[in-house]
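Protein chains: 2
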Amino acid sequence: MSRYSKRMEHIRASEIREILKLTQRPGLISFAGGLPAPELFPVKELIEINEEVLKNHSNQALQYGLTEGYGPLRKAIAKRMEKVHVKTHGENILVISGSQQGLDFTAKIFLDKDDVVLCESPTYLGAINAFKAYEPKFVEVETDEDGMVMEDLEKKLKENKNIKLIYVIPDFQNPSGITWSINRRKKLVELANKYDVVIVEDSPYGELRFEGEILPAVMHYDTQDRVIFLGTFSKTLCPGMRIGWVAASKEILNKYILVKQGADLQSSTITQMEIARFMEEYDYDGHIEKIKEVYGKRRDLMMDTIKKEFPEGIKYNYPEGGLFTWIELPEYIDTRKLALKALEENVAFIPGGSFYPNGGHENAFRLNFSNMEEDRIVEGIKRLGKVLKEELHQ
Amino acid sequence: MSRYSKRMEHIRASEIREILKLTQRPGLISFAGGLPAPELFPVKELIEINEEVLKNHSNQALQYGLTEGYGPLRKAIAKRMEKVHVKTHGENILVISGSQQGLDFTAKIFLDKDDVVLCESPTYLGAINAFKAYEPKFVEVETDEDGMVMEDLEKKLKENKNIKLIYVIPDFQNPSGITWSINRRKKLVELANKYDVVIVEDSPYGELRFEGEILPAVMHYDTQDRVIFLGTFSKTLCPGMRIGWVAASKEILNKYILVKQGADLQSSTITQMEIARFMEEYDYDGHIEKIKEVYGKRRDLMMDTIKKEFPEGIKYNYPEGGLFTWIELPEYIDTRKLALKALEENVAFIPGGSFYPNGGHENAFRLNFSNMEEDRIVEGIKRLGKVLKEELHQ
Chain A
1 MSRYSKRMEH IRASEIREIL KLTQRPGLIS FAGGLPAPEL FPVKELIEIN
51 EEVLKNHSNQ ALQYGLTEGY GPLRKAIAKR MEKVHVKTHG ENILVISGSQ
101 QGLDFTAKIF LDKDDVVLCE SPTYLGAINA FKAYEPKFVE VETDEDGMVM
151 EDLEKKLKEN KNIKLIYVIP DFQNPSGITW SINRRKKLVE LANKYDVVIV
201 EDSPYGELRF EGEILPAVMH YDTQDRVIFL GTFSKTLCPG MRIGWVAASK
251 EILNKYILVK QGADLQSSTI TQMEIARFME EYDYDGHIEK IKEVYGKRRD
301 LMMDTIKKEF PEGIKYNYPE GGLFTWIELP EYIDTRKLAL KALEENVAFI
351 PGGSFYPNGG HENAFRLNFS NMEEDRIVEG IKRLGKVLKE ELHQ
Chain B
1 MSRYSKRMEH IRASEIREIL KLTQRPGLIS FAGGLPAPEL FPVKELIEIN
51 EEVLKNHSNQ ALQYGLTEGY GPLRKAIAKR MEKVHVKTHG ENILVISGSQ
101 QGLDFTAKIF LDKDDVVLCE SPTYLGAINA FKAYEPKFVE VETDEDGMVM
151 EDLEKKLKEN KNIKLIYVIP DFQNPSGITW SINRRKKLVE LANKYDVVIV
201 EDSPYGELRF EGEILPAVMH YDTQDRVIFL GTFSKTLCPG MRIGWVAASK
251 EILNKYILVK QGADLQSSTI TQMEIARFME EYDYDGHIEK IKEVYGKRRD
301 LMMDTIKKEF PEGIKYNYPE GGLFTWIELP EYIDTRKLAL KALEENVAFI
351 PGGSFYPNGG HENAFRLNFS NMEEDRIVEG IKRLGKVLKE ELHQ
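Protein chains in written order, with the UniProt record's numbering: chain A, 1 to 394; chain B, 1 to 394.
Note that these hints are calculated values from the structure, not bench results. What you were told as hints is all true, and nothing was included just to trick you.
Since the list gives no way to pick one copy over another, a pair counts as held whenever it fits inside one copy or between any two copies.
Using 20 Å as the maximum straight-line C-alpha spacing, the simulated SDA-like pairs for lysine to any residue come out as follows:
| id | residue 1 | residue 2 |
| --- | --- | --- |
| 1 | K6 | K113 |
| 2 | K21 | P72 |
| 3 | K6 | N254 |
| 4 | K132 | D112 |
| 5 | K44 | N59 |
| 6 | K6 | V197 |
| 7 | K137 | R7 |
| 8 | K113 | S2 |
| 9 | K113 | H10 |
| 10 | K315 | E390 |
| 11 | K250 | R3 |
| 12 | K137 | D112 |
| 13 | K194 | R3 |
| 14 | K297 | F210 |
| 15 | K132 | M8 |
| 16 | K250 | M8 |
Whenever a hint applies, use it, and build me the whole structure from the sequences.
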């Protein structure tokens, strides 16, 4: 008998976290991580806030608090969700330690061994890893530039038993950069209602739209309390503080609260108080505008340089927001090998195969454009273009 | 088919967390939570440290970091473990979000459904709740004032199949306040070796000894890399920051790192940097001395007042450190009902039944002495004495 549980056989190191270790090497141009631009972190504001919170509220800020989260933060988050057209209340929000924790909790709450998760193809690597610990089956649903293909979704809803979750990232998807159309969002809710399945809407980037209007979240179309929304401050404020949230009906949220209690009691009290104050007393809107401006320029520059420097025979998408774009190469290219060649040129990206829970698709890769400054984006894409030209039969 | 996973049937709200909600009511004298004294939080130092970290290292502090934790903190923790006579290294330390997270991870890594956990009787409620999500069987081992009774431990090691873990809190146990003798610690390791079982040593209070010498951790006696040590800053610094650690062999620690990756990627970067600086550059020893002095006085005052004010026919232990003492009443008393009567007098405690995974033992309760100031301890114990005198047939 193994000393470990059976579930441990399914848990592998995330390729992203392993590559991130490499990217700490100096001089590397990294398009690998999903790292925000550190020069945009609101440092001066956080120093002020921390001092105010500790000077006036240390007894509360450094003490245990409620599992549900700090009341004013829950309220501020509920109000903020109006930006994605969701009407909700503080009591429907649980504060968690980054939305990754929400993925782990979701699996814990819903998945028994061999239950089915329907997901986009490709889908977020971190979700695959979090879910795998609970030994589900992943069924990938065909996904195009408007989201899951609804005919294929319905086919798979019909074909499979024990479907517990439909997991989607509707805005500026990680890794593909695509955004679901409004029609697909509506239809997704209709099908979930018809087949009585819970939808998990993972939305780390929803507010980071560089052009056009923010689209209503899938949760906006929910009529039967079946959408669970995962949000985070990692991309709009900073990831180092590890604060995110779950929004759900009270019945479902209560399950998350129970699981949170056993998992780590609560998220950091002081950090919650700080973020609440940042949202209430500082210019959070203005801060996000600044991020969008900088990332929008970086996106433009990356896409323009790709157009100029990458060889023919390559497909890529044009993300309207978020942090990533996605490159598809001819099928004979293995991007795991390509990644090693790119590293020789001091450029990093994440090979696409990791984003398919059932494997395959080694001919794509993900590029991040938020973390590198403009000249390094140009230089990095040029170097990648050179590597690609060597590898592709022209 | 339920929409939720089967494990959710086992997860209940923690009585402690529910009672903690009540204790926010003004004027209540609470011996319920395991809350440290907020007036001892090193507020001035944390303001200085936060400013220094954000002014000079914001790019790192607010960004994603490695799952394993912040290197200098891992080193400082490893060094600190010399206090409990454990020699280890930074690479053997994983930083987690409070030791509660270590309990959840432990269960995830080791327990399949119906696997057996041997534990003290009573044992920590938070561990019971964390473990229950993974559907194990709890086998309680007879426990006296020196720790688990070794004859009973060996009996249960022989009798049960699929024993995966022996879970112990050897110092100032929660809830009983007892401390394991050195002989029992040695014998525990011997038996674990003989029956090839992993030991989880949960040690949130090891350094908070008010008299005599700190005893070597169980891990000190480990010769086969089978002890996993869970530590925390919640009681020696503050709980609101949510930082703890796992110390283990590299093979075992690697499992924890994998699980941490899926569960929440990493603990707060900035908080880790702050605690590392507090340990390296401030008087952490002096800070702990101050805590010990204050808690030692509160313990004395509580025990003296209990002696004076509680009726005959009650057993209680004398904790040499930590945060709790434990009161045993005649068997005809139900302390869940007693707790309601005490609340009418504005005094709160945790009924003992919650600390027995297999139920029973409703005639005991836990008292915390760290959180209330001296006059309120005296007043609260007097009120409790009055309630007890009314309830006990004298």
